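As they're listed, the protein sequences go chains A and B. Sequential numbering of the first sequence, starting at 54, is according to the numbering used here. Sequential numbering of the second sequence, starting at 80, is according to the numbering used here.
Worth flagging that the hints you see were computed from the coordinates, not collected in a lab. None of these values were measured; they are calculated from a predicted model.
Listing some non-contacts, in silico: residues in chain A with all C-beta distances to chain B over 12 angstroms:
(1) LYS60
(2) ALA70
(3) VAL79
(4) LEU170
(5) SER176
(6) THR178
(7) LYS229
(8) TYR280
(9) GLY300
(10) TYR315
(11) GLU320
(12) ASN347
(13) SER351
Computed cross-link-like contacts, EDC-like style, restricted to lysine to aspartate or glutamate with a CA-CA straight-line distance of at most 20 angstroms:
(14) B:LYS339 <-> A:GLU128
(15) A:LYS182 <-> B:GLU157
(16) B:LYS343 <-> A:GLU137
(17) B:LYS339 <-> A:GLU116
(18) A:LYS184 <-> A:ASP217
(19) A:LYS276 <-> A:ASP319
(20) A:LYS323 <-> A:GLU284
(21) A:LYS305 <-> A:GLU320
(22) B:LYS339 <-> A:ASP111
(23) B:LYS264 <-> A:GLU137
(24) A:LYS67 <-> A:ASP260
(25) A:LYS184 <-> B:GLU157
(26) B:LYS292 <-> B:ASP302
(27) B:LYS339 <-> A:GLU124
(28) A:LYS60 <-> A:GLU124
(29) A:LYS67 <-> A:GLU114
(30) A:LYS191 <-> B:GLU157
(31) B:LYS339 <-> A:GLU114
(32) A:LYS305 <-> A:GLU289
(33) B:LYS85 <-> A:ASP162
(34) B:LYS264 <-> B:GLU341
(35) A:LYS67 <-> B:GLU341
(36) B:LYS85 <-> A:ASP164
(37) A:LYS229 <-> A:GLU205
(38) B:LYS343 <-> A:ASP111
Quick reminder that beta carbons are idealized off the backbone N, C-alpha and C, glycines included.
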Amino acid sequence: MSSIILKAEHIIKKYGATTVLNDVSVTLESGRIYGLIGVNGAGKTTLMRQILGLSIPDSGEIELFGKRGREAAAERGRMGCLIESPGLVLNLTAKQNLRLHRIMHGIADKDVEDKLLETVGLSNTGKKKAKDFSLGMKQRLGIAIALLTNPELVILDEPINGLDPIGVVEIRELIKKLCDERGMTILISSHNLPELYQCATDYIIIDKGEVKQEISLEELEEKCRHYLLIETDDTEKLATVLETQLGTTNFKVMPDGTVQLYDFTDERDKVSDVLFDNGIRTKGFSLMGETLENYFISVVGQKA
Amino acid sequence: MINLIKADFYKINRSLIYKVLFIITSICAVITTVVSHRIQAGDMDFVSAATVAMLTDVVMLTLVNCVVAGQLICGDFENKLIQSALTGTSSRLTVVCAKMVSYTGLIGIMSLPFALCSLIGAATKAGFSLPYSASVYLAMLSDATQNDVTGGMLVKFAVISLVMVLVYTAQAGIVFLMGFLIKNKPLVVTIIGYLICTVIGMSSSLFGDSMEKIMSYSPFSADMYSLSSGSDYVTIAKVALISLAWIVAFTAASFAAFRKAEIK
Numbered sequence: 054m055s056s057i058i059l060k061a062e063h064i065i066k067k068y069g070a071t072t073v074l075n076d077v078s079v080t081l082e083s084g085r086i087y088g089l090i091g092v093n094g095a096g097k098t099t100l101m102r103q104i105l106g107l108s109i110p111d112s113g114e115i116e117l118f119g120k121r122g123r124e125a126a127a128e129r130g131r132m133g134c135l136i137e138s139p140g141l142v143l144n145l146t147a148k149q150n151l152r153l154h155r156i157m158h159g160i161a162d163k164d165v166e167d168k169l170l171e172t173v174g175l176s177n178t179g180k181k182k183a184k185d186f187s188l189g190m191k192q193r194l195g196i197a198i199a200l201l202t203n204p205e206l207v208i209l210d211e212p213i214n215g216l217d218p219i220g221v222v223e224i225r226e227l228i229k230k231l232c233d234e235r236g237m238t239i240l241i242s243s244h245n246l247p248e249l250y251q252c253a254t255d256y257i258i259i260d261k262g263e264v265k266q267e268i269s270l271e272e273l274e275e276k277c278r279h280y281l282l283i284e285t286d287d288t289e290k291l292a293t294v295l296e297t298q299l300g301t302t303n304f305k306v307m308p309d310g311t312v313q314l315y316d317f318t319d320e321r322d323k324v325s326d327v328l329f330d331n332g333i334r335t336k337g338f339s340l341m342g343e344t345l346e347n348y349f350i351s352v353v354g355q356k357a
Numbered sequence: 080m081i082n083l084i085k086a087d088f089y090k091i092n093r094s095l096i097y098k099v100l101f102i103i104t105s106i107c108a109v110i111t112t113v114v115s116h117r118i119q120a121g122d123m124d125f126v127s128a129a130t131v132a133m134l135t136d137v138v139m140l141t142l143v144n145c146v147v148a149g150q151l152i153c154g155d156f157e158n159k160l161i162q163s164a165l166t167g168t169s170s171r172l173t174v175v176c177a178k179m180v181s182y183t184g185l186i187g188i189m190s191l192p193f194a195l196c197s198l199i200g201a202a203t204k205a206g207f208s209l210p211y212s213a214s215v216y217l218a219m220l221s222d223a224t225q226n227d228v229t230g231g232m233l234v235k236f237a238v239i240s241l242v243m244v245l246v247y248t249a250q251a252g253i254v255f256l257m258g259f260l261i262k263n264k265p266l267v268v269t270i271i272g273y274l275i276c277t278v279i280g281m282s283s284s285l286f287g288d289s290m291e292k293i294m295s296y297s298p299f300s301a302d303m304y305s306l307s308s309g310s311d312y313v314t315i316a317k318v319a320l321i322s323l324a325w326i327v328a329f330t331a332a333s334f335a336a337f338r339k340a341e342i343k
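Chain A extracted, bound-state conformation:
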């Protein structure tokens, strides 16, 4: 059963006259992957830094694992994070960097170093120093460090920023694996909604320091679903033809009498021919649905 592990309530953060976070409230439930989406400067990193205690909000409160105030600070040990770039000592190897953080966090189990290197795919780096790592390797090592304390909540700030397509897929798979196998809750930020698509289970869209929308993957898929919009005077006959001639029930009759057909979006000619052959006169026949980018832009209210 999922439970609330983080509740940020009415967070306001100002730098001088600039309000970076304006009355931001978010709630995270355990075992889910939250995508925090916003353009550069939207307030994603600032929000994460408030949660992690690296910055102190001007007002508002953060509840961690059901604890508030000073008690909440003590709960930060149950969190792991990677904010922007990982905290690495460049003249140390991957294992030495992990050991440094293990000592810092007082973790006695030495085996955790090898296990984590295996998990993030860095077990074969040997004596190679972090300064010689590729960006993707550094990010993976940063994720391994974030996982050292076996956290219940992992906060990752743009971990796929600057990675090549293969690196993006690797990190995405790793995040899904962590959530599935370890039951971790993950808050991951990105400025690109499609980048996190199918990785996150929930999305928080933030813009100009305000949360614009919280939406689940199912809801997002529904909103971005492509379909054929068919308008006709005889909706009942249309439904019958779709079922009998095209063999599909994957359509929805809308209150205004239009029909949304979710199959055959790439075979519009075939659908058109079948409707014509069965004597259905259409008043409208078009491909509808938003792309992820367009949906994101429509939420934040910016022109593409």
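Based on the hints, put chain B in the right spot on chain A.
Just chain B now, with coordinates in the frame of chain A:
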């Protein structure tokens, strides 16, 4: 806090810059000890020895300790180790205190070559003079030359060496504070810190008796360098207490600066 200190020393052990600094202080300690011996032996005059006055413990450790503060504090802001500590269960006060303990330990390590050279010099029973006033360790070595080395003298030698670590830490406390104020600019902290330490160190002689009296309660007072085997334990304790008070003050000031600071 102990975990943070252990982590500091794990990193220090594998860092080239601290090894280089230790080698530099070791070379300086050997050179100043050899020069001290050569003057006593009549192989060198005081004028020639003046060229190596910049290598004495007082001058060198002021510089080295500024570099150490820059690396230990700002370096950890740069490589985000302080962020990592804070996002664990360590409080900001714990981080500042742990850093001060590590810093004091490092200053002790950097001072070690001067103390060891003096101790080895004293054990050789070769003659040593005191060519520079700015060297507590050479003063102790010179004392050992003029008197018989006894157990009591060795104990006092060890106590003064430890107290001098506190004196140097207290002096460099201002650089420690700057590290938490400026955060991720090690070079800036080192250079400005060294300039400030030097100016404060000279100010007592520049502004006369009243300033000297005020400075006598600070780690920058010339009295702090006047410890020798001839000093009584009350004087040594006074120096230790003044230094400790300043270390506590600089730690508190660093915490005040860091308490609500934005950590990038």
